[in-house]
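Engineer: Chains A and B supply the protein sequences, listed in that same order. Using the working numbering, the letters of the first sequence map in sequence onto residues 1 to 284. Using the working numbering, the letters of the second sequence map in sequence onto residues 1 to 255.
No wet-lab data here; the hints were simulated from the structure. What you are looking at is a predicted structure, and each value in this text was computed from that prediction instead of being measured. Even for Gly, the Cβ is constructed at its ideal location relative to N, Cα and C.
Below, computed lysine to aspartate or glutamate pairings styled on DMTMM-like, alpha-carbon distance capped at 20 angstroms:
id, chain 1, residue 1, chain 2, residue 2
1, B, Lys124, A, Asp220
2, A, Lys149, B, Glu171
3, A, Lys163, B, Glu138
4, B, Lys124, A, Glu196
5, A, Lys140, A, Glu118
6, B, Lys229, B, Asp155
7, A, Lys163, B, Glu134
8, A, Lys200, B, Asp34
9, A, Lys184, B, Asp123
10, B, Lys124, A, Glu224
11, A, Lys149, B, Asp123
12, A, Lys74, A, Glu54
DEER-style ranges, computed between Cβ atoms:
id, chain 1, residue 1, chain 2, residue 2, range
13, B, Phe198, A, Ile90, 25 to 33 angstroms
14, B, Ile29, A, Gln263, 56 to 64 angstroms
15, B, Ser199, A, Thr162, 29 to 37 angstroms
16, B, Lys203, A, Glu170, 40 to 48 angstroms
17, A, Thr162, B, Ile180, 24 to 32 angstroms
18, A, Lys74, B, Ile220, 53 to 61 angstroms
19, A, Gly256, B, Glu207, 46 to 54 angstroms
20, A, Val55, B, Thr159, 23 to 31 angstroms
The primary structure of each chain is shown beneath.
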Amino acid sequence: MTTPDLNKPSAPGTLSHWTEEQGKGTLFSGINIGTETVNLVVMNEDDILHAHTEVTEEGGFIVSQRLLEQAKRKLMLPAQSRMTLAATGIGKKTVTFAQKQSSDMVCHARGALWLFPEARTVLDIGASGNRAMSVSKAGKVEKFALNSKCASGTGSFLWGMTKVIEASFEEMTSLSSGIEHGTKISNYCAVFAESEVISKIHGGEPKSRIVAGIYDAVVDRLMEQLNRVGIREEVVVTGGVARNTGLIRALERRIGRKVRVPQDPQIVGALGAALFARVNVGQE
Amino acid sequence: MIVAGIDVGSRTTCALFLAEGKILSYSLIFTGADSAATARRAMDEALSKVDFPGDAVERIVATGYGRILVPFAHKIISEISCHAKGAHFLFPSVRTVLDMGGQDCKAIRVDPHGNPSDFVMNDKCAAGTGRFLEVMAEALRLPLEEIGPLSLHSDQPITINSFCTVFAKAEVGLLMREGIPKKDILAGLHRALSVRIFSLLKKVGIEKDLVITGGIAKNIGVVKVMEEKIGFPALIPEESPLVGALGAAVVAGER
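Only chain A is shown next, with the shape it has when bound in the complex (with noise of 0.2 angstroms):
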């Protein structure tokens, strides 16, 4: 076996030939510096091997190091492999020893279609923030809408609510199931939503409409982005929102069709970078 050659991780008889040895086949991995959460995906040209999410507020250099020094021990490859790496998010410039870098939604739309071929719009629901996609067979975002700027409508209007309700994400998940109109929220805004939320609670409204008019009430929100875009068959579901069962389902009843939901919906940008890190490698 030779010493990879470590200064030129893409030349033949470094890398790929070394994690080839070790049965892996050629890595790539992506990496999204979001503004809350780190996400690493590595994968070889079939399968995703590892993915990693983490809220963090640790700058991004650092965070990807340590992630990928993480990822390396528990593939069991030594400390000195090198895979190429592409960075997304917010923060990609941060990465400085990434090979590539790639625009967040492109890498979302990639990593989306990777997932389900047939996916033709993917709505995207974060923490602090909701877009919605329209993406060609290849790959292409045709039309995107987005909200960065208003907490309704994302993961912390979700949060908030859990904290006035005193229920987990599940819990509320549970408590909706079976309702199918829950109460108004007439209010769009999160803080005055909340405080509406209280009074109906004190007024003695039975939780399980209350949860159910919440999540009718991001619902109205995603719709908005939704609507901009055009909603194609399939709809892919991504984000760390996508996981609540109850709003997904609120928002199947609202599109009338069902929705798809990758088995991590976080890691989807993160994905899209690998995949775009596997773009031209082995071609020099």
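Here the structure of chain A is known, so what remains is to put chain B in place on it, guided by the hints.
Structural biologist: Just chain B now, kept in the frame of chain A:
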């Protein structure tokens, strides 16, 4: 002629008696769940401070959020008209009124007779209302009445990047963890709020004199930044919480 105005607000109710251009008495109480009962209580309390009986009051005009539920009112007038009239009674030179409470923010243009000529309101987004500062005071663990004065002690205001109250609160949390002094954070927050108030005011146009009423009038931090922005001093009535009821009473006296 003795007339009365009642302003049933979402938080407080005010009843006020007016005769020959003078305020005879008033009451200011918290609005309970039953608006009609609150209005009655407010009237009775104001009556307890004068030596004439209730039936000596010739006309009663009601206004405010709960005005529809005042059964003994002769007339019901919008808060906008009453605020304009009330501000005009106190300051006949008023041409613009800014009224901001915990739930909304109103900008009213007033003509020389005290009638509203234009009006715009935000009651949809907490970020342009007193609620914004209430949330931040809580986040900074400071009493609401301290944040205005404290903000004026800063000579290094922090720029707050988020528009939304929820996101700004998260930003404040991060700034506090970074050890940024509260006064600098507050200066930034007061500036951010003032920007929003200013853009609301510009929608109706800002003409001198500007009268500021509502809870925000007590926040010197906001008042100072607003005065810098508009380029002249604002007029702040001592009777700020009474302005709506005063205006209603003025309308009651007009025939």
